[in-house]
Every structure is written in structure tokens, then in C-alpha cells.
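Could you put the whole structure together from the sequences, leaning on the hints where they help?
In order, the protein sequences belong to chains A and B.
With my numbering, you'll find the first sequence wraps up at 987, consecutive numbering, no jumps.
With my numbering, you'll find the second sequence wraps up at 846, consecutive numbering, no jumps.
Quick caveat, the hints were computed from the structure, so don't treat them as lab data.
A portion of the hints provided could be inaccurate.
What the hints assert, rightly or not - Going by beta-carbon spacing under 10 Å, a handful of chain A positions derived as facing chain B:
1) Pro880
2) Gln948
3) Phe950
4) Ser951
5) Asp956
6) Gln957
7) Ala960
8) Lys972
9) Tyr976
10) Ala984
Keep in mind the model is a prediction, meaning the values are calculated, not measured.
Glycine is no exception: its CB is placed at the ideal position from the N, C-alpha and C atoms.
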Amino acid sequence: MKTAMIKIENLNYKYAHQNKLTLNDLTLQVPAGQWLAIVGKNGSGKSTLARLIDGLLETPSKTIWVDGLEVNTENIATIHQKIGFVFQNPDNQFVGATVAADVAFGLENRQVSSSEMPKVIEQALTLVKMQAFRDRAPEQLSGGQKQRVAIAGALALKPQLLILDEATSMLDPEGRKDVLTQLAKLRDQGELTIISITHDPDEVALADQVAVLDQGKIVKQASPAVVLNDQSLIQRIGLVQPFSLMLRDQLKARGIKVPTNYLGKGALYEWINQQLATKA
Amino acid sequence: MDKSAVSYQGVSLSYDEGITWALKDFSATIPQGKITAIIGHTGSGKSSLMNLTDGLLLPTEGELVVMGHQLTATTKQTALNELRHSIGFVFQFPEHQLFADTVLADVMFGPLNLGVSSQKAKVAAQAALSELGISHPFYERSPFELSGGQQRRVAIAGVLAMKPKLLILDEPTAGLDPDGQQELLTLIKKLKRAGLTILLVTHQMEQVAELADQVLVLATGKLVFSGSPRELFADPLLLAKHHLVEPQAVTFAHQLTETYPELFDHFPITLTELADALAEKLRGAES
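Next up, the structure:
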């Protein structure tokens, strides 16, 4: 049994200017080396939760633990060493004059030796396919490219936990797939725990578990297969169905007897192939 | 032969007196009453092309004829005013330009600005709002109290209230949730049926497949493809060369044809077409 990288117990949170709880009695665990996707409409409390884990807001005492350490002022410096946080808007986090300098900035803060630094930067940029852009200034980059650099900057610090707050939203579909595949690889090697806040069904499908937030509460926590297959829930929280399930449901609507369980693209393809083979 | 709403003849545009070209020797026609999708990466010349079509810029070389108005490097500004009356340009994130105290006042602003009487402006605004599904109770509300999707629709109503014959939409669904996106796509189809010519700038290949009658692909200021969406998505080499991601239905259909090359009589490019074609084959398989 792996230890919990994140443990959250009975977390309530309210912003000072609001009457309603933004997070309402949340309890949640993420084992080390797992990927948790958090989905929900805008305003459901997703980003607040991510910020509380990273201690960016005042975390109520004895509610959140990261790698066994309670998130509080005493532990926060140690906890920050363990977490890489990538925000949605890359312009707010680009500090270097060039791509390479931006990745170097975080490393300097961690006092990585200057002899080691070029190698670490190169590795991180290669991971997100930005090595050819290392000398570019931020204004020469597209939104998606800046998001890649932000992810490289976080990964260069070798965090145990990576928190992505809609961090791939500006990438084109091809680029998003590249980056997510790399992250899944790091997770599979057991090197990284990931929490990703997302609206992208393909990103959700890569996770080990999905927490669905609605008005500050977790209304469902299950595998991606179970969550993505729950059409009414998906619609209610404003997610798009994955392509394979849209096609499955369209076939069903045309009177074809289709499997009712969750099918990824590969599984649906296999099923159709088999059906066609019986005809031939 | 379709009548053309816009024709471009050897149009070139340079912002630096011919050192570099944002658009080079561009020739194409936009058929009337159809949806033409313009695709290409940042810096491909899409925005330049839209600004030329709207008369915001004049070509450095060549000429274009927009709704019967000829535009060249020497066209006088005054000649452009009449042209702009027949074109509606919905910019990216148009809700950022909402400014009035009420929804109705915001939508009336366009027609009033064209010199229409306030009575007529109100009628036009109400018609446009109802077309976009914004009902009476919203008229006196501040546009800033509305949801993002509603604000987007109010902003588009402001353009439609001016009764354009050619509508330019720049990434109209960007940033909207799935429901909001679907509503807008339905609206675009409805506007086409009502006879509008539509230029749609988009990155969403699913939208191109579903909506467009014609596709123009731009790369570094040049036209690299002109044809139907079906022709475009049937050309994997061209797609790869310009880093265009085909719709998921196309990928899925291509995969199936690897095993069953004769599967489709008519290659599907949308989810609906794919489901129709597969359902027919699978029904055969069950019996």
C-alpha cells in the first residue's frame, strides 16, 4: 500500500467576502504516484482547492497534509520544495528574458549548481519539445508554447507532486497530446503524483481517479471510465463526452446494440472491427 | 456557378513597404450565401485577409471586389463607408467590447451609428436579440451581469442588428463551454439559411467539417489549399505539412479503412456522417 501524497480531511473553506462555503466538507486522498483529475464547472471550487494544497491561501489547520506534512506556516517552505504548480495563464508566471532563463530561474532559487544547470534545463525543455526555442523571448511565443515552458519550469525542479490548473488549455490538440503523454510516462515510472484541473476529456481519461466538484462538494469520485460514462453527470458539469462515447451513443440512437460500459477509442474500434468481421 | 460575394485577384499586403509580405499574390472567391472557413496558424495572414475584406486595410498590390465594391491601393476612404455597412465583423472575444448600461442599448448602438432612426434601431435590435435567444426580460439588464455565453450572444446581436450581408466571425466559439459552443454553431447554420455569406476563421477542424462549404488554408501569407472540407480531410499529406489536426471522426474512419478499404462509399468527415455510415454496415452485420 502506497502512502498518501495528499490527504485532505473535512476541509471547509470560505472567502472572507462571501457568505457561502467555497469548499464544503471535503475529504480526499491521493496515493503517491497517482494522477487525480479534478473536474467541475467554473466556480465549483477547483482552483481554490489547488491553492489550498499549495498553501497559497490560508489553509485551515489540520485539514491538508502533503507527503505526511500538515500544510501550515511552519511546514510551507518544505512543502513548496515538493510541489510544482502550473497556472492557467502562462503570462503571469514567465519571469525569464528567454525560455532557458525562465526555466533556470526556479533552479537558481533551489541553488542547483551552475555546472549541472544546462543539462537539467535541456532535459526539461526536451520533455515538452521546446528545446529549439531555448533562446526565444516570451513575446515571440504563442500561448501554448508559453504553457509548455511553464510546465518545463515546474518539472525541472523534480517535484514529487505536480499541480496543473488548466495548464494545457491553450495548446493545440496535437501539442496537448504530446505533453500529456510525457506526464503520464513520469507518473508510470512512479516519479510523479499529479493533480490536474481540467475540462479536457482526454486529460481526464489519463488519470487514475477523478473527483467531480459541484458547488464546493465532491459529488463523485471514481475511475475515469465510470465518470466519463455517466452522461447526465458529464453534461451537468459542462464536460464534453470523449469521442468514443459520442460515437457509441450515436450508434445506439440508430438502433445498434452497443456495449453499455465505458469504451476508449481503441476498445470501440476493436468492437466495430469485430462486428464488421462477422459480416465479411 | 455560384455568385461571388468577394473575389480577390492577386492581392498582396505589406506593412513595411514591401520588405516582408503579410499576404502575397492571394487569389480566391467567396461564394454568396455559403460558409467559407479560413484556417492557418498564427502569422499565416488570416487577420490581414479579414481586415482587407472589411475595408480596414487596403491592398498594397492587386484588387479585391467585396459586395460589388472594388478595392485597390488607391481607393478613397470615403468609398469604404458604404462597404462597411454591408459587412459585419465579429472580433475574437467580442464581449470585451460591450459598453452600454443595458443589453438593448448596446445592441441598438450599431444601427444608430449607421444613421437609422431610434425606432428602427430598436426594432432591428429586438429582432437580432430574439434571433440569438436573448429574451425580453434581459433587455434592461446590464450586459456585464450576464454569463460569458450570453455576453457573447449580445455582442453578436450588436453586429447582426446592422443587417450585414457578409458576416466575418473570428474564432466565434473560443472560450465558451460545450453548450455555448453548440448554440453558436446552430446559430451560424441558421444565419446561412437566412442567406448570409459567412467567413469563419477557426482552429476547430470539427467546426470546419460540420459547417463549411469551402475551406481556404493559408500559410505564411499564401493560399495553400482551396476546396471542400471533404477534399481537405482526405489529404493526409497536406494536413501533416501544415500541422492541421483532422477531426476525430476522420481519424477513426481512416483507421477502419486500413482493414476495410471499401467500407465507405462516401468518406465521412463528421460524427453524424460516421455514425450513419457505420450504423448501416453494422445493421447488415447483425442480420
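Hint check results:
Against a cut-off of 10 Å between C-beta atoms, the interface hint on Pro880(A) holds, since the closest Cβ of chain B lies about 5 Å away. A hinted interface residue such as Gln948(A) counts as satisfied when its beta carbon comes closer than 10 Å to some beta carbon of chain B; here the least separation is about 9 Å, so the hint holds. Hint status for Phe950(A) relative to chain B: holds, with the closest Cβ pair at about 4 Å, below 10 Å. Nearest Cβ of chain B to the Cβ of Ser951(A): about 8 Å, under the 10 Å cut. The hint holds.
Hint status for Asp956(A): holds, given a least beta-carbon distance of 9 Å to chain B, under 10 Å. Given the 10 Å rule on beta carbons, the hint for Gln957(A) holds: about 4 Å separates it from the nearest Cβ of chain B. Given hint, Ala960(A) at the interface with chain B, holds; its Cβ is 8 Å from that chain's nearest Cβ, closer than 10 Å. At a threshold of 10 Å, the smallest CB-CB gap from Lys972(A) to chain B is about 7 Å, leaving the interface hint in force.
At about 6 Å, the closest approach between the beta carbon of Tyr976(A) and any beta carbon in chain B falls short of 10 Å, and the interface hint on this residue holds. Annotation: Ala984(A) was flagged as interfacial toward chain B, and the flag holds, the nearest CB pair being 8 Å apart, inside 10 Å.
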